[in-house]
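Colleague: Could you put the whole structure together from the sequences, leaning on the hints where they help?
Number of protein chains: 2
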Amino acid sequence: MYKDNIMRISKLALLDNSNKKIDASIGMYYKENKTLESVTVLNRQLKKNINKVRMYSLEAEKFSSAIIKWLHLEDIKDKVRAYYTLGGTGGLSLIFKKYCKGTTLYLPNIRWNNYDLICKENNVKINEYPYIVNEKFDIDLFKKKIQKDHRKQLNILINTPCHNPTGYSLNLEELNSIFEYLRTLNTTRKINLIFDLAYLDFSEKPVLFLDFIKKNITININIFLVYSFSKTFGLYGYRAGAVLLLSSSIEELSEFDKKSNEYIRSTHSSSNNLLVTAFSDVVLNKKKNKLLNKQVIDNHLKLKRRRDYFLSLCKRYYINYVDGEGFFVFIPIENSIDLVNRLIDEHIYIIPYEKGIRVSVASINKREITILVKVLKNYI
Amino acid sequence: MYKDNIMRISKLALLDNSNKKIDASIGMYYKENKTLESVTVLNRQLKKNINKVRMYSLEAEKFSSAIIKWLHLEDIKDKVRAYYTLGGTGGLSLIFKKYCKGTTLYLPNIRWNNYDLICKENNVKINEYPYIVNEKFDIDLFKKKIQKDHRKQLNILINTPCHNPTGYSLNLEELNSIFEYLRTLNTTRKINLIFDLAYLDFSEKPVLFLDFIKKNITININIFLVYSFSKTFGLYGYRAGAVLLLSSSIEELSEFDKKSNEYIRSTHSSSNNLLVTAFSDVVLNKKKNKLLNKQVIDNHLKLKRRRDYFLSLCKRYYINYVDGEGFFVFIPIENSIDLVNRLIDEHIYIIPYEKGIRVSVASINKREITILVKVLKNYI
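Chains as they are written, first to last, in the numbering used here: chain Z, 903 to 1282; chain H, 903 to 1282.
Hints should not be assumed to be uniformly reliable.
The list makes no distinction among identical chains, and a pair is therefore deemed to hold if it is satisfied within one copy or across any two copies.
What the hints assert, rightly or not - Calculated pairs, DSSO-like style, for lysine-lysine (alpha carbon to alpha carbon, straight line, at most 30 Å): (1) K913 x K1000; (2) K1003 x K1050; (3) K971 x K1192; (4) K979 x K913; (5) K1196 x K954; (6) K979 x K1116; (7) K936 x K1022; (8) K1160 x K913; (9) K964 x K1190.
Keep in mind the hints are simulated off the structure, nothing from the lab. Note that the structure is predicted; figures quoted are calculated from it, not measured.
Modeller: Here you go:
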């Protein structure tokens, strides 16, 4: 029921041409002036490269170095393999198809809609674990779910930092409790632990997160990272991103090379070279890379200030919310569909979930936030 | 064995930095000055659109109109559905996964290598039909293969015009014999007839071909067209193309909508918007579209002149070849791998097949052709 509503609301929002429209339903980051937020250093490079298409086979290695550098994984590069993907969806599709097909995948109980479709298309059975209970992650409930499972292969997806839709990021202690538990499991089992990092760069401390992950590379756990260029660089229409495997097993790394190449060559043949070469050219250039880092952090801080403004208004009007970060604020309420339908009459679009609503503070500006919260307080 | 050789030779060619190198192994179209051939009107539009990403959900319909117009299908648009894909590979991957999975697909006995991988990845069994025998298509041998098959669903792929690797295009009579035969089959069977049109615009009469196809829409045959932007527009690195279904059955068209959306959303989420919007902007503008048509035809004619030059030299040195068109010339010989290996020592790269070699006249210029044929005549 909720899934159908997400589709319905996104469509209604797109089609509404009223100047009163406030579209807080979409995961896209707009500036205050309602144009897309982006990073100029990468855009400039794109313009520069546009008519210079290079062979992907010659660029793949360079891209791999660039994304490894960008994600601060250079010091463990022997334990990493990286491939270009078609956005976050492309990376997930690769892993679900080549690693989870015909088996079960543990997904957060509240999640991005599209995981379910990618599972269905790749014959992956879904099991759920509670992501947050009373606005916190509960390792005991997580264990309780997983420990019933004695199959040879265990696939778990975690969408942190900035979980969609709650915004909740697992802290290092919570992450550590997961790794500690997984390490106690029989080492003859194969564990695929998938981190969906679509919103990584909108979290407070992405480098600390990556440092933690690096230190937890364990022989029986394949750590997959799925990274999206759409969100971080505001390049939604390019379908670009990366999938990485972190492992201390040479066999697993080789297997990943093989599987990734099979997937890529049979699905889209090569990469979006324009973006791949522009990204590599920027990241592998010291000065440009510094600028890219600065611009990405600036965008994060701008969004944080907007989010803080939204939250300050929520506090003023006694509207509860989940403590989080990133594009979305989650407001726990009952009967979310009733509320959302009433808001549509006022040209306001937000996404309903079973136990609350998701407001995208990335897609609306401060003026819209002020109006939105004032309307919300009348209903909550 | 031949497959491994294709991979090996392409790789060797890429890595050879000698100024003697003549790379006639790749399906990319270079100008005489060895830069990529392209169409300026589309490149100009790409530059114009580069920082104006629009929502694909709003562009999909426009793209569908544009590709339908581009392929001269406007007069039957009620019988057509069109979707953006990730190059030719993306369109084939969509059809193989959503229509052929778990069943059998008939492929030409000599063919593009990647069909086999896409089949394997999507659990499609391969059966072969003879594409040309004594340098002609033989409808009786084709029937002989197909008529043994009594399964409920029949999937056939035809790579024409400009078949890769032979260059041979089925003429209208040959195409007609296929349709006539398929129409005689039990109408309760479902027939998926897939045309790989990657090289359509390098054939002599693309519009005649499309007109013929249009006239043969039959209730029990799904006609799929797979179109690639890589070849026609020289936009290899963008991964763009289109997949179309031509059918007089409303149910089949709706089913195609559903399947295409499932595939797209679970594999790459949306399109490469930059190219999609640029293509639509050009094709739906009368003046720009006229220019695009002219430039595409000019590119075809330039390639044809180069091909003719190659063939005139072959004639002079009594080298046999298959009568064809497009990027490739097929020279029937025995022991192709021996020959190809000897040529590598001379920094010349061509692709071996079981009964001949494939020379890409698209990727080499006249100077290189002159050298190549002189070397070839010493061995053939």
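Colleague: Does each hint fit the structure? Answer for all of them.
Modeller: Against the structure, the hints come out as follows:
Proximity of K913 to K1000 under the C-alpha cut-off of 30 Å is restricted to the inter-copy arrangement: shortest distance 25 Å between copies versus 32 Å within a copy. In this assembly of identical chains, the alpha carbons of K1003 and K1050 lie at most 30 Å apart only when taken from the same copy (20 Å versus 33 Å across copies). Taking the closest pair of Cα atoms, K971 and K1192 come within 30 Å of each other only inside a single copy of the chain (12 Å); across copies the shortest separation is 46 Å, beyond that limit. Only between protomers do K979 and K913 lie at most 30 Å apart by alpha-carbon distance; the minimum there is 25 Å, versus 43 Å within a single protomer.
Taking identical chains as interchangeable, the C-alpha atoms of K1196 and K954 lie at most 30 Å apart whether they share a chain (27 Å) or sit on different chains (23 Å). Taking the closest pair of Cα atoms, K979 and K1116 come within 30 Å of each other only inside a single copy of the chain (10 Å); across copies the shortest separation is 54 Å, beyond that limit. Proximity of K936 and K1022 under a CA criterion of 30 Å is satisfied in neither setting, with 35 Å inside one chain copy and 46 Å between copies. Taking CA atoms no more than 30 Å apart as the test, K1160 paired with K913 passes between copies only; the shortest distance there is 17 Å, against 39 Å inside one copy.
Proximity of K964 and K1190 under a CA criterion of 30 Å is satisfied intra-copy only: 16 Å inside one chain copy versus 37 Å between copies.
Of the numbered hints given earlier, the model fails hint 7 alone.
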